[in-house]
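Asker: Residue numbers (the working numbering), protein chains in the order written: chain A, 1 to 453; chain B, 1 to 211.
Be aware that one or more of the hints could be misleading.
Claimed, not checked - FRET-style restraints, in silico, Cβ to Cβ:
no.	chain 1	residue 1	chain 2	residue 2	range
1	A	Glu277	B	Val63	32 to 38 Å
2	A	Ile271	B	Asp125	36 to 42 Å
3	B	Glu175	A	Leu272	53 to 59 Å
4	A	Arg193	B	Tyr15	55 to 61 Å
5	A	Asp237	B	Lys47	51 to 57 Å
6	B	Asp72	A	His258	25 to 31 Å
Claimed, not checked - If we take Cβ atoms under 7 Å as the criterion, some of the chain B residues that face chain A in the derived model are:
no.	residue
7	Ala9
8	Ala70
9	Leu89
10	Pro92
11	Arg162
Calculated directly from the structure, the hints in this document are not laboratory data. Glycine is no exception: its CB is placed at the ideal position from the N, C-alpha and C atoms.
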Amino acid sequence: MDGLKKRLSTSVQYRLSFALTATIIAVAVVAGVFSFLSAFDEAHDLQDDMLHQIASLVDQQRLTWAPGADAPRTEDADDDTTITIQVLGARGNFAGKMHGRGALPLPDALEDGLHTLTIADESYRVLVKTIATGTRIAVSQETDARDEMAYNSAWRTLLPFLILVPVLLLIISQLVRKMFRPITDLSRQIDARAESSLEPIHDGHLPTEVRPFVLAINRLLVRVAESVNVQRRFVADAAHELRSPLTALSLQAQRMEHLEMSSAARERLRILQKGIERGRNLLNQLLSLSKVQAATEMPGAPVLVRGIYRAVLEDLMPMAKAKRIDLGVVEGPDTTVCATELDLFTLVKNLVDNAIRYTPDGGRVDLATHVAGAIVVVQVSDTGPGIPPQERERVFDPFYRVLGNDALGSGLGLAIVKTIAHRMGAQVTLDNTDPSTQTGLTVTVCIPTSHSS
Amino acid sequence: MIGEAVQDALKEAAYAVDWVSDGLAALSATDTQRYDLILLDLGLPGKDGQDVLRAIRAHGNPVPLVILTARDALGDRLRGLDGGADDYLVKPFEMDELLARMRAVLRRKEGNAAPVLGNGVLTLDPETREAAVGDCSPVRLTGREFALLRALLARPGAILSRADLEDRIYGWGEEVESNAIEYIIHALRKKLGNDVIENVRGLGWMVSKSG
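Here chain B stands alone, though its shape is the one from the complex (with noise of 0.2 Å):
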């Protein structure tokens, strides 16, 4: 069920999908075909998913793998993860979710796990410290507003302290002025909308998950 589900919505998004539903056929299928990305369900028929996790590495495949289960128990994903996946996805999951992991996996495959900075709908260029809301065009920043959204941005829906946003944009031995931190996301809401920055009374200040 869930197969056929995932394989239609990979096709939607232009991957090219071969489907198979036991351990064994799966592990024929990736002897005999090479593919860019594995998804293992690891509650397979025929075979543990285990098993065929660790026989596609012994085979020496080192091809991009992704596990989905239904068992979240830290074991369950650290076994998986030191038996060779590259990423882990627990069941429910969101369509959205599994392709953002796949074209992560495929990112750091290819030796470039640092794109452009992002939550969906606000983007940040590392590379010319451009920030853009949506399709509107890009708008520079300074350096501290870029470390700050930066810092913000790393893990979009995190939540960072003043303290937190002060380590990260001061180095050691700065001064650091009082208010400096409201001062700045004030400048960057000034920029890039109200929205961009969310406040959480008591604890500091996050950038939403999903924009």
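Chain A with its partners taken away, still in its complex shape (with noise of 0.2 Å):
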């Protein structure tokens, strides 16, 4: 019942539905009363006049019998619509015309016109009416028969009623149900968008009542873009900015580097360099993330897989021999994705400079692609430390970092790689190398060949 209420109180179409609805069932109800009353008024009135007609074509001899016979009955076939005409102020002759439902004792005092007479125990309607011939004739109908007509005739005029308002209340519902489509529609549109589309709200087939309302929103979503893009570009624009000092430090240290110094001040110059080297990858990963958040381009060609490792293992080979890790390509088939370059090469990039940063020196880094169906699965495995299931949905938070682990990443990784692939549909999903020793991660993307969103 809360429930109807809330939803009364907040729905346009509950309120709309339920206002309608109680209307035309009041007005029917009133409308039903009404008609009921007039209807039962109407048919006793009928009665009468029927009363006054016999009474008159009894007056004008049309109807004769011999006083003093047995009283002559109408009768229909219905028993009930018995009217019984006699002749009144004969007191002598009422015992012998008692019987079956002849005449009525009926008093004779009664003057003309219309009575409502109770005789043994059961209730009559009587005209008198004084003929022409001075004899007084009452003509009697027994009530019930009365009623019961004048309900028949009054239940006859609320059918169309009961048969209209069930029929109207469906109606309403549809034709509410119909007029807010377009609003439900677009509100599931808007529901199944994307976090970051910001693109305003197509209001062609909207209701003009909605219309501003949808024109005010989009407004918002203006200025919700450009204060994405007034954040996303200050992300930018301070790593930018970072990237002048953290240069002049990196060159001041390598500089030093050329000096004598003492072992010990050699020392805490390495660790000086590594915590710059540090910073320089955090900034070029923040670039790198806010690069791919920022980008809106829709890949063209079918960039070749193979050609992608390619470019990433030039880059990253340095890093695996100075851990001497053995990284590779495992032999398959050469296989074209579509998306933008840039986007597949960070993307693999992020995830092999994971692999070998987590994979202890001496380790393996495998880079694998094959095709199942329309998808495209790019995989990367190491045979380091590997990421616990419990873990495996935080990771992809950006700064998120397993515990326990020293090696130098910037926690970017992941999230960079999430974003690129949410925007190619691709499913990115993480496992152990070695199952049975629960070690080693094996990064698995699957990307769809033709790509639709």
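Combine both chains into one complex, guided by the hints.
Answerer: Below you can see the structure in the form of structure tokens.
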């Protein structure tokens, strides 16, 4: 009940349906009661008129019978509608005439006109009239029968209402739902949007009443897009601005290397340079992330996966060599993927970079690719410690690092991978390379060959 | 901060350096002095770096010019190069790379763009077809060995597949024997040492960028 109340107070559709339904029912009830009562009265009046007409027929001698004989009965097939005509004032005849449903024991003193009398527990409507011959006659009819006829005709006037009301209710609920369809459709559309899509809502097929609202939302979207852009620009600008001092720092550190210094100082310098290197890496990743987040261009030509692998390996071979990691490509079909070259390169490079970073010295990193139906699978496996299952969701968050890992990652690699994969409509899954020992990380990116979104 | 570090490093590398820190001063300096090379940071106070570049070129000054910048968007790079810069270096950079690029730009300006190939450890002289590792004495290479090593050294760090190398070594219509590439590489390793040419599993071979 509370749910209904809440929906009533919040949903225009419900309120409209409810108000219309209530109004129709109220009007139907009032009109029904009124027409029932008036039809009831009308039927009674009609029957009174009938008594009058019968009396005047008798008056005009059209209906004749010998006074003193049994009163004639106009009989319909239905016994209830029996109308009795009798002569008043012939007291002596009464006893003899009381049989069956013949003459009624009416008091003589009845005045001319209509009366409702109760005789022998039955209610009667009696018309007393003095006819031309001076005889007073009484035309009578049972009230029950009259009432029944009146009820019948009154109910018949109600029948159209009883049919009309449910039909109207049905039509109204359908109509209201139909009128609100564009709005529910729109809200479903907006719900299905990606969080980064801020283009204006198309208002072509919407009712004019809702259009100002949609326009207002569109204006808001424009402002949001602007502020998101400002934010992104700020991140990019900040990272760019940080590059200069960082460069100065690293140049000075490099120059320091050439100076004479104690081995302790040299060790400190090495740590310092490692820190600078880390800062530089973080900056580059930050820029990379803001770049892939801001990019909107859609892939044009198909890109050769092996070509991308080669470019990535050319970049990362020195890093792998420094850790004596066996970095290579596993034999497989050369496939193409619909993506921008930079996107696929950044994605693979981040995966391989991570793999090298988190794999201990002397390990192995494999790049593989295969085709499964309409999906191209790009896979990077390493022999590192792997990622525990409970962490596999969170590692895609920016700056999240698996605890107990001292490798110098930026914490942005997988966030970048996720952003790019999302844009390509690709799925990224993490598994152990060696399930029996629960070690090693295998990242599988499933890229649909026909991109649609 | 960068200016200071670069200035000191350049002095150590035996260059004579004038350092100005705003765009207007840079323009007046280039007007009055003749320089062999200009390093231009695009994020200058006073006058935008791109404007300085345009002004220098508008005066018909052909001085070799290398841009240093924090901006690495393709548009920025193209604007710099199309605006008349000879090279473009994005921060953060290593001093060694800056020096190498300066040398390359100077060399190009002197019309001598095809010098001895090398990666810092290995050198290859196209004139004599001799290769040398470090300070060891040069070794003479056969035609195919030379062609293969030249292909790899054209861009140290690049990975070349078997097909790439075959294209470089054999002309059209020449019969390519199977294992020929492995055989040549084996011979080169024998002459120059095992580490000179590296295998990249699944892709091909490379000569590393820095020895």
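Asker: Regarding the hint that B:Arg162 lies at the interface with chain A, is the smallest CB-CB distance below 7 Å?
Answerer: It is violated, given that the least Cβ distance between B:Arg162 and chain A is near 13 Å, above 7 Å.
Asker: Hint B:Leu89 vs chain A: min CB-CB distance below 7 Å?
Answerer: Violated - the Cβ of B:Leu89 stays beyond 7 Å from chain A, reaching only about 10 Å at its closest.
Asker: Given B:Pro92 was flagged as interface, is its beta-carbon under 7 Å from a beta-carbon of chain A?
Answerer: holds (4 Å)
Asker: The hint says 25 to 31 Å between B:Asp72 and A:His258; measuring C-beta to C-beta, is that right?
Answerer: Given about 28 Å between the Cβ atoms, the range holds.
Asker: Kindly confirm whether 51 to 57 Å is satisfied by the beta carbon distance between A:Asp237 and B:Lys47.
Answerer: About 20 Å separates the Cβ atoms of A:Asp237 and B:Lys47, which means 51 to 57 Å is violated.
Asker: Using Cβ atoms only, decide whether B:Ala9 comes closer than 7 Å to chain A, and label the hint accordingly.
Answerer: Interface hint status for B:Ala9: holds (6 Å vs cutoff 7 Å).
Asker: Do A:Glu277 and B:Val63 keep their Cβ atoms within the hinted range of 32 to 38 Å?
Answerer: Given about 34 Å between the Cβ atoms, the range holds.
Asker: When you take the CB atoms of A:Ile271 and B:Asp125, is the distance between them in 36 to 42 Å?
Answerer: The hint (36 to 42 Å, Cβ to Cβ) holds, given that A:Ile271 and B:Asp125 are roughly 41 Å apart.
Asker: State, for the Cβ atoms of A:Arg193 and B:Tyr15, whether the hinted interval 55 to 61 Å holds or is violated.
Answerer: The hinted range 55 to 61 Å holds for A:Arg193 and B:Tyr15, with Cβ atoms some 57 Å apart.
Asker: In this structure, is the beta-carbon distance linking B:Glu175 and A:Leu272 contained in 53 to 59 Å?
Answerer: This hint holds: roughly 57 Å between Cβ atoms.
Asker: Please verify that hint: B:Ala70, Cβ, nearest Cβ of chain A, below 7 Å or not.
Answerer: holds (4 Å)
Going down the numbered hints, you'll see the structure goes against 5, 9 and 11, while the others check out.
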